[in-house]
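Enquirer: Same order as they appear, the protein sequences are chains P and Z.
The opening position of the first sequence corresponds to residue 7 in this note's numbering, with each subsequent residue numbered one higher.
The opening position of the second sequence corresponds to residue 7 in this note's numbering, with each subsequent residue numbered one higher.
Keep in mind the hints are simulated off the structure, nothing from the lab.
Keep in mind that this is a model prediction, so the values were computed, not measured.
Mixed in with the good hints, there may be bad ones.
Chain copies aren't distinguished; within one or between two, either way the pair holds.
Unchecked claim - Result set (SDA-like, lysine to any residue): computed pairs, CA atoms no more than 25 angstroms apart in a straight line:
1) Lys314 x Glu372
2) Lys60 x Leu335
3) Lys49 x Gly252
4) Lys96 x Ala84
Number of protein chains: 2
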Amino acid sequence: MTATLIPVPLPQQAYSVAISSSLTDIGSLLTNPEIQTTKLGQKMVVVSNPQIWKHYGQTVVDSLEKAGFEVTHCILPAGERYKTPKSVQKIYDHALAQRLERSSTLVALGGGVIGDMTGFAAATWLRGIAVVQIPTSLLAMVDAAIGGKTGVNHPQGKNLIGAFHQPRLVLVDPNTLATLPRREFRAGMAEVIKYGVIWDRELFEELESCDRIDQLRFLAPALLTKILTRSCQAKADVVSQDEKEGGLRAILNYGHTIGHAIESLTHYRTFKHGEAVALGMIAAGHIAVELGLWSTEDLDRQQQLILKAGLPTQLPDDFPSADVADLLLTDKKVKDGKVRFILPTKIGAVTITDQVPKAAIKKSLEPMLSGA
Amino acid sequence: MTATLIPVPLPQQAYSVAISSSLTDIGSLLTNPEIQTTKLGQKMVVVSNPQIWKHYGQTVVDSLEKAGFEVTHCILPAGERYKTPKSVQKIYDHALAQRLERSSTLVALGGGVIGDMTGFAAATWLRGIAVVQIPTSLLAMVDAAIGGKTGVNHPQGKNLIGAFHQPRLVLVDPNTLATLPRREFRAGMAEVIKYGVIWDRELFEELESCDRIDQLRFLAPALLTKILTRSCQAKADVVSQDEKEGGLRAILNYGHTIGHAIESLTHYRTFKHGEAVALGMIAAGHIAVELGLWSTEDLDRQQQLILKAGLPTQLPDDFPSADVADLLLTDKKVKDGKVRFILPTKIGAVTITDQVPKAAIKKSLEPMLSGA
Numbered sequence: 007m008t009a010t011l012i013p014v015p016l017p018q019q020a021y022s023v024a025i026s027s028s029l030t031d032i033g034s035l036l037t038n039p040e041i042q043t044t045k046l047g048q049k050m051v052v053v054s055n056p057q058i059w060k061h062y063g064q065t066v067v068d069s070l071e072k073a074g075f076e077v078t079h080c081i082l083p084a085g086e087r088y089k090t091p092k093s094v095q096k097i098y099d100h101a102l103a104q105r106l107e108r109s110s111t112l113v114a115l116g117g118g119v120i121g122d123m124t125g126f127a128a129a130t131w132l133r134g135i136a137v138v139q140i141p142t143s144l145l146a147m148v149d150a151a152i153g154g155k156t157g158v159n160h161p162q163g164k165n166l167i168g169a170f171h172q173p174r175l176v177l178v179d180p181n182t183l184a185t186l187p188r189r190e191f192r193a194g195m196a197e198v199i200k201y202g203v204i205w206d207r208e209l210f211e212e213l214e215s216c217d218r219i220d221q222l223r224f225l226a227p228a229l230l231t232k233i234l235t236r237s238c239q240a241k242a243d244v245v246s247q248d249e250k251e252g253g254l255r256a257i258l259n260y261g262h263t264i265g266h267a268i269e270s271l272t273h274y275r276t277f278k279h280g281e282a283v284a285l286g287m288i289a290a291g292h293i294a295v296e297l298g299l300w301s302t303e304d305l306d307r308q309q310q311l312i313l314k315a316g317l318p319t320q321l322p323d324d325f326p327s328a329d330v331a332d333l334l335l336t337d338k339k340v341k342d343g344k345v346r347f348i349l350p351t352k353i354g355a356v357t358i359t360d361q362v363p364k365a366a367i368k369k370s371l372e373p374m375l376s377g378a
Numbered sequence: 007m008t009a010t011l012i013p014v015p016l017p018q019q020a021y022s023v024a025i026s027s028s029l030t031d032i033g034s035l036l037t038n039p040e041i042q043t044t045k046l047g048q049k050m051v052v053v054s055n056p057q058i059w060k061h062y063g064q065t066v067v068d069s070l071e072k073a074g075f076e077v078t079h080c081i082l083p084a085g086e087r088y089k090t091p092k093s094v095q096k097i098y099d100h101a102l103a104q105r106l107e108r109s110s111t112l113v114a115l116g117g118g119v120i121g122d123m124t125g126f127a128a129a130t131w132l133r134g135i136a137v138v139q140i141p142t143s144l145l146a147m148v149d150a151a152i153g154g155k156t157g158v159n160h161p162q163g164k165n166l167i168g169a170f171h172q173p174r175l176v177l178v179d180p181n182t183l184a185t186l187p188r189r190e191f192r193a194g195m196a197e198v199i200k201y202g203v204i205w206d207r208e209l210f211e212e213l214e215s216c217d218r219i220d221q222l223r224f225l226a227p228a229l230l231t232k233i234l235t236r237s238c239q240a241k242a243d244v245v246s247q248d249e250k251e252g253g254l255r256a257i258l259n260y261g262h263t264i265g266h267a268i269e270s271l272t273h274y275r276t277f278k279h280g281e282a283v284a285l286g287m288i289a290a291g292h293i294a295v296e297l298g299l300w301s302t303e304d305l306d307r308q309q310q311l312i313l314k315a316g317l318p319t320q321l322p323d324d325f326p327s328a329d330v331a332d333l334l335l336t337d338k339k340v341k342d343g344k345v346r347f348i349l350p351t352k353i354g355a356v357t358i359t360d361q362v363p364k365a366a367i368k369k370s371l372e373p374m375l376s377g378a
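Excised from the complex, chain P in its bound form (with noise of 0.2 angstroms):
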């Protein structure tokens, strides 16, 4: 086993990403005394869609069943429209034909939607029992998989319900990636981006140095190492300072407060998640210019690493930049009527404001628009 550990030192609950180009490290990971402190039970269940237990499962329940545990596998429909309240009672039904106990384990083995929703289920199962997190897309192995959010979504509304509930370990395999379609791939190098301008210059210049960020095979595997290692360092770096999103956590949500705008806008059909995320920081970016807070040279660096990835760096002809404003006090993290912005000062580092005017938002998605 060579896997790279990376802590996530939370107060109530330490647990590590492990970056491993194996995913049979899975049973030695968890039955290793100095990474599992508090041992657990014997029954596990594996959550996964069709097509990633086609491709990974059997690997996973083997090496599980070699370290001792006993392993069933439940198996959900994949995509985002069915990460609701009813798949999440599909995973409740086989808790209970299992009759798991508190010390029983889910592992989530896929992409977001199916950690999301296997998090949110072991959150909420006899008021909670541990899950692993093996994320299969880029997407949850730098985002979604660290950090203990889980949620499903509410017919009006992405992940309106959810809990906190940190995973016991998060195992990333690299190459897992091999079977990730490629717009999904480049959806997730948005959220590594991200990570560089907020948190990692380093991070974002190694991006700057590739000839080519937007398939997985233009990466070589110690780059995408790297990279993977560095993004869930900086992610890691910050839940660990603020669990909860009582303050620094936010910071994350760069690109999101108008992604989300965008996404909702565009009935979650026209752009992937870290599609509109690439939106929302060309739009913060811009707002942060026009703030005064960010040069033009970073904003256009920005700009040339999203068109790198091969993301999206334009609106639909039809779409209702007006509405943005408005639509933005629906959002979950408005707080007393305000919307908070996380804007770049350099690349790196951010700031935290909800003193954007009105102008400004409407501002920021002009160079977006067909035409500009």
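Starting from the structure of chain P, add chain Z where the hints point.
Expert: This is chain Z only, laid out in the frame that chain P set:
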């Protein structure tokens, strides 16, 4: 305002149980910066059922509005059979319609069902918003409202879906017991007796010294307040030492292990929860005597107190007592297939053991079977 404050000093969130003979205190308690060290947001939703709302709703709303909060209400049908994900969904829908923010608060006004559901909705809306508990049943006052256990029922088991979510304040107004049905009062008294047995010998002896404890009207206001205060103090003591039932908190399940089995095997139709707990305490008491842990004298004192509270001491004629031991294995407190029992060692102290022979469980039910 003349509230007695009982602190619940949990590390992540300390809060108080306020015993006050006036519901109109709620507004000032929630705006007192010494009691609410983190300010609550403006929006509040009072969740209640039609009966309780009719009696106390306006008083609570007036007090909250006078204190500057913006209040709406959400009324759910009364009764355990509505303690479901569907009812919680109604709270979510209301929260969405009112655009609740992360700083908003749900106020549970009612018995255990309202408290558990409202707490669970607060635990899971926007990954956790504030909840205030105003219990109006004896059971909820001394037990359910304190300690952060929230949840709803799965068709195949009670409280299987839930979360730990501590309230920001618990307000206990003894006067609200005036509208509580007599049988509910008795059922709540079972938990009061429980605190006497497991934790507080003086409380036990206080109850012994009363002529009657089976109806509210036999308890003088000062005595009632004393009993409520000691019971809430017992619960606060235990949960503040063990928030998530890692150890000590398990003692609160005295009488509940077999009590839950009795509820389940009688399909939740024959006994109220508190009544089943009384029967469970009788059974646990017999097991403790059988194992040489407890004296027959103390067992008899417990029996007398249960009788004086007007609680049942007999199982139905057709009760399938042979099924109890098997059923216990499906209880959510089961760990690695072993059933954990809380057994008294004297009045005011218990021990925890998972070494109870199946035969002892069966024998413990015999004194409660007809003809015994």
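Enquirer: Confirm or reject each hint.
Expert: How the hints compare with the structure:
Only within a single protomer do Lys314 and Glu372 lie at most 25 angstroms apart by alpha-carbon distance; the minimum there is 21 angstroms, versus 77 angstroms between protomers. For a Cα distance limit of 25 angstroms, the shortest separation of Lys60 from Leu335 qualifies neither inside one copy, at 42 angstroms, nor across copies, at 34 angstroms. For the identical chains of this complex, Lys49 and Gly252 are inter-copy neighbours only, at 19 angstroms across copies versus 35 angstroms inside a copy, given an alpha-carbon limit of 25 angstroms. In this assembly of identical chains, Lys96 and Ala84 lie within 25 angstroms of each other by CA distance solely inside one copy; the values are 14 angstroms within and 27 angstroms between copies.
Hint 2 from the list above is the single one not met by this structure.
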